[in-house]
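Chemist: So the chains spell out like this:
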Amino acid sequence: MSNLVEIRDLHFSYGDRPILSNLSMDFPRGKLIAVMGGSGSGKTTVLRLIGGQIRAQRGTVSVAGQVVNKLDTEGLYRLRRKMGMLFQFGALFTDLTVFENVAFPLREHTDLPEEVLRDLVLLRLNAVGLRNAAQLKPNEISGGMARRVALARAVALDPKLIMYDEPFAGLDPISMGVTANLIRNLNDALGSTSILVSHDVDETFHIADYVYFLSAGKIVAQGTPDEMRNSTDPYVRQFVHAEPDGPVPFHYPGKSLADDLGLGGKR
Amino acid sequence: MIGRFLAAIGSFLIDKVLGRIGFVTRSFINLLGRAPGAWRRPALISEQIHFIGNYSMLIILVSGLFVGMVLALQGYYTLSQFGASEKLGQLVALSLLRELGPVVTALLFAGRAGTSLTAEIGLMKAGEQLSAMEMMAVNPIQRVLAPRFWGGVIAMPVLATVFSAVGVIGGYLVGVQLIGVDAGAFWSQMQGNIDVRHDVLNGVIKSVIFGVAVTFTALFQGYEAQPTPEGVSRATTRTVVIASLMVLALDFIMTALMFNT
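Residue numbers (my numbering), protein chains in the order written: chain A, 1 to 267; chain B, 268 to 528.
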C-alpha cells in the first residue's frame, strides 16, 4: 500500500457543530504533506483524528492499514508507538531537563542500558543542534529551541509517521527557517511520512511535497506547492497572497452595520 | 405543566447528578485499576511521597504543636472543674489520635498538597503535556496520576501521625511545663487509657481513607480541569471545597462505625 494514512468520507462534529464533512485525504509514504487553512478550518482536528485522540462519527481513518477509529485503547497505544507528534508549543515536560524530555519515550518503551540511551538522546539532540543544552530546563530555553527539543523527542523512536501541529507559530524568522529545514531533513533521513498542519505559506510551500487546503471542514483545493502558488481558486489566492477580503470575509457573519446603527428606515 | 416540571427534575437528576456520580466513580475505578502498575517504577512513587509529604511537613508540625497546646489549655480548664486535671494527657492524646490528627491533617493536606496537585495536573493539561504523553503511547493516568495517588495515600497517615505526636508534645509543654500538671500523671493516664487497636489503628485507618479521598479529588479535579488559567483556578478551588467536605462527612461516618460502643 503506497499510502501510510488514508482518510475516507470522514465526518466529525462537536455536538451539533460540524467540523469536518465528507473528507477524503491520502498521505503517501515518505512524503511531506501539508494541511493548510485558516483558523477553525479543522486542520488540527484532522491530526487529532489520525492520532486517535478523538473519534470520527462517520467514515474511516486508517494508518498503516489499521482503522484508527475502530481500535481499542491497547491497539491505539500500539499504533501510537509508530507515530511522533510535535505540538504547537512543544508540550515539553516542564519538570524534566531537555535530556530527560528526549529520553522520555525511550525510557517508557525500551529497556536500553543507560549508556546506549544517553548516546541515542545526545545524537537526537545533536540533530536539532541542542546537544549542549541537554541539562537545561524547558524554562531556560527559547520558544524556538523548545520546538526543536520537542522535535527531537517526537522522532526519538524513529516513527513511521510524524505529525506537526503549527510548528512555525510564534517563531522568529531564523527559528522558523531552522525548524522548517529540520522537518524536511528528518523526514528524508528517517524515511518517515510527515503531516504538517500550518498556516505559514512561505515555509510550508518551501518544504512540502503536496498541499491540502481546508476551509470549513472541506477540502477546497489540493496540489503541489507550485500548483497552489499559481492557482486561480479564489480561496487559495486569498490565503496565499494574504488578501484581507475574499471567500473568507473580513467581518464575522451576522447583522449588517446599517442594521446595528438603526439606519435604512427600519427600527 | 406539572408533567414538564417533573420531567425537568428527572432529567436533571439523571443527566447531571447520576451521570456525574457515574463518571466520577468510573474515573476512580480507572485510577485504582492503573495504580498497582505504578509500583513497577518505585522511584516515581518515592519522589511523590517526598514532594507531597516533605513539603507539607512544616505546616503539619506547626499546626500540630498549636492544636496540642490549645487542647491542653481548654482541656485543663474543663477537667480542673471536676478535679480530674491528671486526665489531661489522656484527653489530649485521645482527641488527637481519634479525631484532630487525621481530620486537621487531611484539611491542611487538601489545602497544601491537594491544591498543588490539582494545579500541577491542570497546568500539564493546559500545556498539552498530557496529550503529548498520550501521543507517545504513555498512559497519563498510570504515569502521572497513579504515582501521585500513592504518594498522597502513603504521605497522609505519616503526616497525621506526626501531627498527633507533635500535638502531644504541645499538650505536654502547656499542661505540664506551663500549667504544672504532674508529669507522671500526664504520661501514665495517656499510656493506661489508650488502646493501640481501638484508638491508634482506627486513627490510622481514618487518615488512609482521607488520603485516598483528598488525593483522588485533587487529581480528578486537575485531570478534568478546563485547560485555561480560569479553569485551573476553579479546579483548585473545587479541590479544597470538595475535599474538605468529604473529609468531614467521611469522618462522621467512620466515627459512627468505629467508636459506637
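Hints in this document: simulated from the structure, not taken from any laboratory. Be a bit skeptical, because a hint or two may be false.
DEER-style ranges, computed between Cβ atoms [to be verified]:
#1 A:Lys137 with B:His317: 37 to 45 Å
#2 B:Arg307 with A:Lys137: 25 to 33 Å
#3 B:Leu515 with A:Pro244: 54 to 62 Å
#4 B:Arg307 with A:Leu96: 50 to 58 Å
#5 B:Leu512 with A:Asp188: 38 to 46 Å
#6 A:Pro113 with B:Val284: 51 to 59 Å
#7 B:Gly277 with A:Glu114: 57 to 65 Å
#8 A:Ile54 with B:Phe333: 25 to 33 Å
C-beta: ideal position from N, C-alpha, C; glycine also.
Chemist: Now tell me, hint by hint, if it's right for this structure.
Modeler: Each hint tested on the structure:
1. A:Lys137 with B:His317: 37 to 45 Å: violated (19 Å)
2. B:Arg307 with A:Lys137: 25 to 33 Å: holds (27 Å)
3. B:Leu515 with A:Pro244: 54 to 62 Å: holds (59 Å)
4. B:Arg307 with A:Leu96: 50 to 58 Å: violated (19 Å)
5. B:Leu512 with A:Asp188: 38 to 46 Å: The hint (38 to 46 Å, Cβ to Cβ) is violated, given that leucine 512 of chain B and aspartate 188 of chain A are roughly 58 Å apart.
6. A:Pro113 with B:Val284: 51 to 59 Å: Since the Cβ atoms of proline 113 of chain A and valine 284 of chain B sit about 53 Å apart, the hinted range of 51 to 59 Å holds.
7. B:Gly277 with A:Glu114: 57 to 65 Å: Since the Cβ atoms of glycine 277 of chain B and glutamate 114 of chain A sit about 60 Å apart, the hinted range of 57 to 65 Å holds.
8. A:Ile54 with B:Phe333: 25 to 33 Å: violated (51 Å)
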